[in-house]
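S.K.: Here are the chains, one letter per residue:
Number of protein chains: 2
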Amino acid sequence: MSDSSSSRRDLLKGMALAGAGLAFGASSLGAEESGTASGAPDGTPSLAPSMMGVPFEKRETVRIAIVGTGLRGRSVLHELTGVPNVRITALCDTVPEKIEMAVQQMRKAGHDYEPARFSKGPRAYEELVKRDDIDIVYTATPWEFHVPIVLAAMNAGKHAATEVPAAYSIEDCWKLVDTSERTRRHCLMMENCNYGYNELLVLTMAKAGVFGELKHAGAAYNHDLREILFENRDEGLWRRRHHTLRNSNLYPTHGLGPVAFMLGINRGDRFDYIVSMSTPELGLSKWRKDHEPADSPKWKEKYVTGDLSSSLIKTAKGRTIRLEHDVSSPRPYSRINSLQGTNGIFEDYPARIYIEGQGEEHRWTSIDAYKAKYEHPLWRELGEKARSGGHGGMDYVMAYRLVQCLREGLPPDFDVYDAAAWSAPGPLSELSAAKGSAPMKFPDFSRGKWAEERASL
Amino acid sequence: MSDSSSSRRDLLKGMALAGAGLAFGASSLGAEESGTASGAPDGTPSLAPSMMGVPFEKRETVRIAIVGTGLRGRSVLHELTGVPNVRITALCDTVPEKIEMAVQQMRKAGHDYEPARFSKGPRAYEELVKRDDIDIVYTATPWEFHVPIVLAAMNAGKHAATEVPAAYSIEDCWKLVDTSERTRRHCLMMENCNYGYNELLVLTMAKAGVFGELKHAGAAYNHDLREILFENRDEGLWRRRHHTLRNSNLYPTHGLGPVAFMLGINRGDRFDYIVSMSTPELGLSKWRKDHEPADSPKWKEKYVTGDLSSSLIKTAKGRTIRLEHDVSSPRPYSRINSLQGTNGIFEDYPARIYIEGQGEEHRWTSIDAYKAKYEHPLWRELGEKARSGGHGGMDYVMAYRLVQCLREGLPPDFDVYDAAAWSAPGPLSELSAAKGSAPMKFPDFSRGKWAEERASL
Chain A
25 MSDSSSSRRD
35 LLKGMALAGA
45 GLAFGASSLG
55 AEESGTASGA
65 PDGTPSLAPS
75 MMGVPFEKRE
85 TVRIAIVGTG
95 LRGRSVLHEL
105 TGVPNVRITA
115 LCDTVPEKIE
125 MAVQQMRKAG
135 HDYEPARFSK
145 GPRAYEELVK
155 RDDIDIVYTA
165 TPWEFHVPIV
175 LAAMNAGKHA
185 ATEVPAAYSI
195 EDCWKLVDTS
205 ERTRRHCLMM
215 ENCNYGYNEL
225 LVLTMAKAGV
235 FGELKHAGAA
245 YNHDLREILF
255 ENRDEGLWRR
265 RHHTLRNSNL
275 YPTHGLGPVA
285 FMLGINRGDR
295 FDYIVSMSTP
305 ELGLSKWRKD
315 HEPADSPKWK
325 EKYVTGDLSS
335 SLIKTAKGRT
345 IRLEHDVSSP
355 RPYSRINSLQ
365 GTNGIFEDYP
375 ARIYIEGQGE
385 EHRWTSIDAY
395 KAKYEHPLWR
405 ELGEKARSGG
415 HGGMDYVMAY
425 RLVQCLREGL
435 PPDFDVYDAA
445 AWSAPGPLSE
455 LSAAKGSAPM
465 KFPDFSRGKW
475 AEERASL
Chain B
25 MSDSSSSRRD
35 LLKGMALAGA
45 GLAFGASSLG
55 AEESGTASGA
65 PDGTPSLAPS
75 MMGVPFEKRE
85 TVRIAIVGTG
95 LRGRSVLHEL
105 TGVPNVRITA
115 LCDTVPEKIE
125 MAVQQMRKAG
135 HDYEPARFSK
145 GPRAYEELVK
155 RDDIDIVYTA
165 TPWEFHVPIV
175 LAAMNAGKHA
185 ATEVPAAYSI
195 EDCWKLVDTS
205 ERTRRHCLMM
215 ENCNYGYNEL
225 LVLTMAKAGV
235 FGELKHAGAA
245 YNHDLREILF
255 ENRDEGLWRR
265 RHHTLRNSNL
275 YPTHGLGPVA
285 FMLGINRGDR
295 FDYIVSMSTP
305 ELGLSKWRKD
315 HEPADSPKWK
325 EKYVTGDLSS
335 SLIKTAKGRT
345 IRLEHDVSSP
355 RPYSRINSLQ
365 GTNGIFEDYP
375 ARIYIEGQGE
385 EHRWTSIDAY
395 KAKYEHPLWR
405 ELGEKARSGG
415 HGGMDYVMAY
425 RLVQCLREGL
435 PPDFDVYDAA
445 AWSAPGPLSE
455 LSAAKGSAPM
465 KFPDFSRGKW
475 AEERASL
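Protein sequences, first through last, are from chains A and B. Position in the first sequence (from 1) plus 24 gives the number in this note's numbering. Position in the second sequence (from 1) plus 24 gives the number in this note's numbering.
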């Protein structure tokens, strides 16, 4: 409990400091109302060439710094230390004890060297990024720190990887794009679900034409987080606060990233516009009523995020995407993961498929029969090892691929344009819902380069 | 084949005649563009009192006329002749042979009397409605005849029942409402899915509070009709044509009617506005390419209805509804039938439920455990007999309830305000999709009476 309290105090101090300079944490409506709606620099040509398709420099060993060594940071560390040719050169957290937990974990994984430690206040990462032994800074902090840390890393000449969402205002999405282009450093939003077994299986099938011409996909983050959101530790210390700030899809990328790959977003198609609406807020208020004592400080909070945010996205090619977010309701987990084309349809939770001419007419069938032919090569290669890791194995595949791309001098699987496009439904869903579900245009973060056909992964 | 050809010729002749007078079959955009958008008379007080909650007159025997004795009409006839105290007094169809098939069916069901026959052209129903031995006219024709037949019946002092959708323009929805109020006759849109086993089970559970406070529902008509749409008989003769006229949700009521009951639409809540978007049209074009010979007259058709129409509806109480329509894709059947509240969630296809505190945490479970307590009384009473009939039994339950309400002098289960509200997403989804998914307001067909709390069924 004392650990929790000090961690929370430090965090809130950090928020206040950061808020003074960057106004993150504020509703994206603020930006809109002050006349910079949905991306002030939209259409503005960049001063530097695109980062799309730009390969990393080759290197033997990948030197990684991790900012944020809480639950997620240590989980990421676990995966990365299991990949060969990785060196963890620096760790940063406002809570020194969490850094030491991370170092202990490195020891167990056979990484017997001393990483540099940074824990002096919420801006310690500013010192970290100055080092010359870091190839990429991996950010696994609360959401409000993603943008400043990523910007600092790129401005200091480091590639930047961040947990999701990369940003939650359109202005910040543009800052990431502009800074990546100017500094020639990549910004990768580490969407682990893009490496999920089913997601990569369906992606492979889509590329092989099994679904025919694609027309629709479904994506969600429907995950009952009520208990976690109200804990006095870990995510409970900062994540619930976002439910007091914005009525929007707070966390769009876990479902959207994978279907963006399948539909070739920024690889021949792009998100054109979104409409969104939310149910009333009921879930967190009910949880608090049912579980919090009358003198809990949480009774001062006012939750504004509707329980279920439902959006529809239209793409430039006219395809449609259903997008949902619900972390405040009793319900089984689902990211929906659906894909529909002229030949058939896949839906997940549970995984099931129907391809015309295969199996019984108009009946769902198992995806198992497709695995022999369409299992993604990454899973064929890594599956056994991956499955012992986090989130069913996707976390290890993601860590492996990050290191592989950096070592072999490949372009990253996803770039700053993906980070911006997949994060943008956060602020755009808020704007749409606030304006009676009016359609909101996506900025073209790629400045026209989206139309070039490229394969995903 | 000769039967089909003559039937088709007669049908097209009927369309031309009817079109001259009533302009049905035209896109609802026409009405909108000429300045009568989404219901010209919205807000206009009626000249007559509401029909909401108005009981039928009691009677011993229910005398029914059926207009349209094709596949659906004869199926309805089969159910009605299985209900006691029913007399089929008149039959109408443009094809006399179909009337005789209906009469043969009556004989088999023990109805050994002569119904009056009307088959002189597409307006023969105008003679039928003049008879004085009819309590209610049941319309099971192609969609374009629903409104003129229902109006003729009410204007002739008969109650009117129609297959779905009741109408597909907002103007026509208002005509139904105004005429029902003026003539004091009921207009019932016979939405059989409102009587489905699962739908009534979930409705009963919702009324008992099992789901807690309701916040979201899902509804669809996702049914691969491609083969049927291209047949040279039955629905293939007229239904495909609608895919050349409107880019919209052509058939919204099978999914929407049941969830409208669950959410208490027109019984304390109402549809406020809708946003909609469609995928490109690909499915019918592909089917034609794969199946039609090069000299088929169908190659002259241009399909404009996007394969999947996705809509979101916001209610006055702030709840949300997901609504889909897809009859042009290879896919398993689904009406979605989902309902979500603060205590849990139900989804159909396959039926599964999660209620907090019951069963394994965050796992779907079967609905079977709820049947003993929450099976709807109608199914408890009629289930065994119903299941031998059409559509899993819902058709018999519907027929039984229609006769029961008419005999016992009850208000109908659904009235003209339901017919209008449940049909309205057809034209409103077209308007929204055509305007880049802009939100379209529902007219308040009930003129304010929606706010009165009433139980559904």
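Just so you know, these hints were derived from the structure itself, not from any lab. Source: prediction; values computed, not measured. There may be inaccurate statements among the hints.
The list treats identical chains as interchangeable, and a pair is accepted whether it falls inside one copy or across any two copies.
[Stated by the list, open to error] For lysine-lysine, the following PhoX-like pairs were computed, each having C-alpha atoms within a straight-line distance of at most 20 angstroms:
id: 1; residue 1: LYS341; residue 2: LYS310
id: 2; residue 1: LYS324; residue 2: LYS341
id: 3; residue 1: LYS199; residue 2: LYS473
id: 4; residue 1: LYS397; residue 2: LYS310
id: 5; residue 1: LYS310; residue 2: LYS82
id: 6; residue 1: LYS313; residue 2: LYS465
id: 7; residue 1: LYS132; residue 2: LYS144
id: 8; residue 1: LYS341; residue 2: LYS322
id: 9; residue 1: LYS397; residue 2: LYS324
id: 10; residue 1: LYS144; residue 2: LYS409
id: 11; residue 1: LYS322; residue 2: LYS310
id: 12; residue 1: LYS341; residue 2: LYS144
id: 13; residue 1: LYS395; residue 2: LYS326
id: 14; residue 1: LYS322; residue 2: LYS82
id: 15; residue 1: LYS341; residue 2: LYS231
S.K.: Quick check: which numbered hints come out false for this structure?
M.R.: 2, 4, 5, 6, 7, 8, 9, 10, 12, 13, 14
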